[in-house]
Amino acid sequence: MPQQPGAHKNSKETQEPPSAARKEDETQPLYDPRSLQYLEPTQTSLQCSVCCEYFTEPVSAPCGHTFCHGCIMQALEVSHGCPLCRTPIDPSSLYEVIALSRICDELLVYCPHKTLGCNHTCQRIQIGKHLKDDCVYIGTLCRVEECRKKLLKKDLSEHMESCPYKRVDCLMCNTKVMKSELSDHHKTCPAESVTCPHCETTRTRIRHLEHLKECPKQIIQCSLSDFGCPWKGPRFDLNAIHIPQCPYESIRGFLELSKTKMDALEQENQQLRAIFLDLRPQVQQLRDQVGQLSESFQLITQQDTPNGFGDAHGFMDMSTSGGGYAGAYDPQSHGMLSRQESYDNGVDNGDNEALRAAIRNNSIGADSIVSNLNNNNGVSVGAVDTHELLISENERIRSEIETLTAGLASLELKQNMAIMTESMRMQEEVQSLRAVCHGLRMQMHYLLLEQQNSRGHHGPPGSPVVGGGNNGSGTNSGGKGVSNGGGPPAGAPGGRPLSSIGMPRPRFTDGLGRQDTKL
Amino acid sequence: MALPKRIIKETERLMADPAPGISATPHDDNLRYFDVIIAGPNQSPFEGGVFKLELFLPEDYPMAPPKVRFMTKIYHPNIDKLGRICLDILKDKWSPALQIRTVLLSVQALLSSPNPDDPLANDVAQHWKENENAAIQTAQEWTRKYATA
Ligand SMILES: [Zn+2]
Ligand SMILES: [Zn+2]
Ligand SMILES: [Zn+2]
Ligand SMILES: [Zn+2]
Ligand SMILES: [Zn+2]
Ligand SMILES: [Zn+2]
Ligand SMILES: [Zn+2]
Numbered sequence: 001m002p003q004q005p006g007a008h009k010n011s012k013e014t015q016e017p018p019s020a021a022r023k024e025d026e027t028q029p030l031y032d033p034r035s036l037q038y039l040e041p042t043q044t045s046l047q048c049s050v051c052c053e054y055f056t057e058p059v060s061a062p063c064g065h066t067f068c069h070g071c072i073m074q075a076l077e078v079s080h081g082c083p084l085c086r087t088p089i090d091p092s093s094l095y096e097v098i099a100l101s102r103i104c105d106e107l108l109v110y111c112p113h114k115t116l117g118c119n120h121t122c123q124r125i126q127i128g129k130h131l132k133d134d135c136v137y138i139g140t141l142c143r144v145e146e147c148r149k150k151l152l153k154k155d156l157s158e159h160m161e162s163c164p165y166k167r168v169d170c171l172m173c174n175t176k177v178m179k180s181e182l183s184d185h186h187k188t189c190p191a192e193s194v195t196c197p198h199c200e201t202t203r204t205r206i207r208h209l210e211h212l213k214e215c216p217k218q219i220i221q222c223s224l225s226d227f228g229c230p231w232k233g234p235r236f237d238l239n240a241i242h243i244p245q246c247p248y249e250s251i252r253g254f255l256e257l258s259k260t261k262m263d264a265l266e267q268e269n270q271q272l273r274a275i276f277l278d279l280r281p282q283v284q285q286l287r288d289q290v291g292q293l294s295e296s297f298q299l300i301t302q303q304d305t306p307n308g309f310g311d312a313h314g315f316m317d318m319s320t321s322g323g324g325y326a327g328a329y330d331p332q333s334h335g336m337l338s339r340q341e342s343y344d345n346g347v348d349n350g351d352n353e354a355l356r357a358a359i360r361n362n363s364i365g366a367d368s369i370v371s372n373l374n375n376n377n378g379v380s381v382g383a384v385d386t387h388e389l390l391i392s393e394n395e396r397i398r399s400e401i402e403t404l405t406a407g408l409a410s411l412e413l414k415q416n417m418a419i420m421t422e423s424m425r426m427q428e429e430v431q432s433l434r435a436v437c438h439g440l441r442m443q444m445h446y447l448l449l450e451q452q453n454s455r456g457h458h459g460p461p462g463s464p465v466v467g468g469g470n471n472g473s474g475t476n477s478g479g480k481g482v483s484n485g486g487g488p489p490a491g492a493p494g495g496r497p498l499s500s501i502g503m504p505r506p507r508f509t510d511g512l513g514r515q516d517t518k519l
Numbered sequence: 001m002a003l004p005k006r007i008i009k010e011t012e013r014l015m016a017d018p019a020p021g022i023s024a025t026p027h028d029d030n031l032r033y034f035d036v037i038i039a040g041p042n043q044s045p046f047e048g049g050v051f052k053l054e055l056f057l058p059e060d061y062p063m064a065p066p067k068v069r070f071m072t073k074i075y076h077p078n079i080d081k082l083g084r085i086c087l088d089i090l091k092d093k094w095s096p097a098l099q100i101r102t103v104l105l106s107v108q109a110l111l112s113s114p115n116p117d118d119p120l121a122n123d124v125a126q127h128w129k130e131n132e133n134a135a136i137q138t139a140q141e142w143t144r145k146y147a148t149a
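Protein sequences, first through last, are from chains S and Z. Numbering (the UniProt record's numbering) for the first sequence: 1 to 519. Numbering (the UniProt record's numbering) for the second sequence: 1 to 149.
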């Protein structure tokens, strides 16, 4: 009996501000009972000493003091005595004061939304019903999900007339459309009837779109307009009139072929362009690196190399012009040239060929230096070392070539000498052979004469010897006819001077030699 | 958090029908914070003085007591140097049936009847017990010195 319905306690604990109480949610209290305004003049005897309002569900304690049920329960949580006389109170000893409760419930109150304009007054007990059912000044939300606009109940129906999110039926296609979008919808509604602007026939929009693909009066371009045919005219005329006389139609195959080729080329072009764009930053990067290298190299040469050093000069040229990328990047054209000059100065023209080759090697070396420098920007000493190495290498090659040339000359001299010596020896030998032959011939003569004399004719003994001696030249000339004519050997240049000595050589070497063996 | 109706009502009544010798004015920007002025009661060592206090209503008021503090220096055995007041209804004897008005009336009564047996300022209480006349004289001097408007 003393315990009050839980709902009341609830309503007290969840003291919501009025705006929250206005929610449509039925489970939330519609108002804060302690915020009600009463028409009656204040009667403190009917008021709770905790909340200073007219009692709400008043309960009395054994001490005789009366409080709202909610107020005393809250106060007892803090201290266990009566707020007025401090007598200890057991919550179960509280009892309802029904007569007082009725008196308070019958007090006249204003509607809590008086400030919003509701002039309604009623007994306190009625106010909940008023708020729930009658009060149009209670806050509510537009029922359309997308809108949910906060407004007073009295304004709701007006709002629903114009709520931009409210769905309305499109009378043409029977779909639901937001009111705000209805006029836009009419521009696209598939059921709306549309008149073809070309042939002036009318049909629904959805069919009009189909129709536009085949409307005979629509002005279209020739199907080969892509290739340059300027013809334009109603669709109907295209096939009927134009196509048979279209100059492009006859080469349609060619045109289409070239179009496919063009397309392929275009595609390739785009790919290449992409690659190019890809490469550009890399080139820029390289350029920057070379620029840095040139600077650092210039620094190196200024520090480490005395002026006038040919090779270093070459590189200096390279690096000074190397602010630009082309100069630094093409040592063959630039650094090479100056280096060639410096070499030409020191070397005679005869050896130029070999030297050029050497320089060509060198320029490759320069390339590798550049790449070396690329690898280690800071390592300058190494570059100079390589540099000096190249110079000494060139020097070495040059001296080698000189040595070779000298050796060649001396060899030729030696060979000439040897040939000369050999031919002299041969001449002497031939001479001695000739002498031997002569002796043998004389002997044969003698023997022949002796044979004739022994057959009967005996000539004076001394004459043949003398005659033989005199006939020497005579037989010589006769011998020419007897000889088999072996030509003089062509390859013996040293032999010629000997022929001036006397008899021709062949007779002795060939003909007589054979006769000798017969003998 | 909206201001409870009770605080509004109490404030209205304090302004419309102030207790004699007491004025309490809420701050414009914080209606739970009051500037309070209490006149020194007649026949007390604080007669003629005007004492400034601050009063703050905590969130759970009236279930919890208001917080009250003297801003004006006062020589009183139940009020310390910081202006804190030793008054049972501001502590364990608080009741939600009490109001700002009743609290301030109690403070005013405390000025009329200092209670050196429940001291907060020990040295003042000692002085009061040993030589009440001298203590009262000091209180009067302080009132003249600090609490004269
Ligand atoms: Zn109450
Ligand atoms: Zn009581
Ligand atoms: Zn209403
Ligand atoms: Zn709406
Ligand atoms: Zn439609
Ligand atoms: Zn048409
Ligand atoms: Zn055409």
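I should point out that these hints are in silico values taken from the structure, not numbers from a laboratory. Misleading hints may appear alongside valid ones.
As the list claims (entries may be wrong) - Among chain S residues calculated to face chain Z with C-beta under 8 Å, some are:
| id | residue |
| --- | --- |
| 1 | 51 |
| 2 | 52 |
| 3 | 73 |
| 4 | 75 |
| 5 | 204 |
| 6 | 208 |
To be verified - In silico DSS-like cross-links for lysine-lysine, where the CA-CA straight-line distance does not exceed 30 Å:
| id | chain 1 | residue 1 | chain 2 | residue 2 |
| --- | --- | --- | --- | --- |
| 7 | S | 150 | Z | 129 |
| 8 | S | 154 | Z | 81 |
| 9 | S | 187 | S | 154 |
| 10 | S | 114 | Z | 9 |
| 11 | Z | 52 | S | 129 |
| 12 | S | 166 | S | 213 |
| 13 | S | 176 | S | 153 |
| 14 | S | 153 | Z | 67 |
| 15 | Z | 52 | S | 114 |
For every residue, glycine included, the Cβ atom is placed at its ideal position computed from N, Cα and C.
Verification of the supplied hints:
1. This hint holds: residue 51/S has a C-beta 6 Å from the nearest C-beta of chain Z, less than the 8 Å allowed.
2. For residue 52/S, the interface hint holds, since its Cβ comes within 8 Å of a Cβ in chain Z; the closest pair sits about 5 Å apart.
3. For residue 73/S, the suggested interface contact is broken, since its CB lies about 11 Å from the closest CB of chain Z, more than 8 Å.
4. Annotation: residue 75/S was flagged as interfacial toward chain Z, and the flag holds, the nearest CB pair being 5 Å apart, inside 8 Å.
5. Against a cut-off of 8 Å between C-beta atoms, the interface hint on residue 204/S is violated, since the closest Cβ of chain Z lies about 60 Å away.
6. Because the closest C-beta pair between residue 208/S and chain Z is about 62 Å apart, greater than 8 Å, the hint is violated.
7. Note on residue 150/S and residue 129/Z: the hinted pairing is violated, with a Cα-Cα distance of about 68 Å set against a maximum of 30 Å.
8. Restraint check for residue 154/S and residue 81/Z: the C-alpha separation of about 61 Å exceeds 30 Å, so the hint is violated.
9. Restraint check for residue 187/S and residue 154/S: the C-alpha separation of about 35 Å exceeds 30 Å, so the hint is violated.
10. For the hint pairing residue 114/S with residue 9/Z, the CA-to-CA distance comes to about 18 Å; that is within 30 Å, so the pair holds.
11. Distance check on the hinted pair: residue 52/Z and residue 129/S sit about 49 Å apart at the alpha-carbon level, beyond 30 Å; violated.
12. At most 30 Å may separate the alpha-carbon atoms for a hinted pair to count; residue 166/S and residue 213/S exceed this at roughly 37 Å.
13. Between residue 176/S and residue 153/S the CA atoms are separated by roughly 26 Å; this keeps the pair inside 30 Å, and the hint holds.
14. Pair hint residue 153/S plus residue 67/Z does not hold up; C-alpha atoms about 43 Å apart against a cutoff of 30 Å.
15. Between the alpha carbons of residue 52/Z and residue 114/S the distance comes to roughly 39 Å, so the proposed pair goes past 30 Å and is violated.
Comparing the model with each earlier hint shows violations of hints 3, 5, 6, 7, 8, 9, 11, 12, 14 and 15; every other hint is respected.
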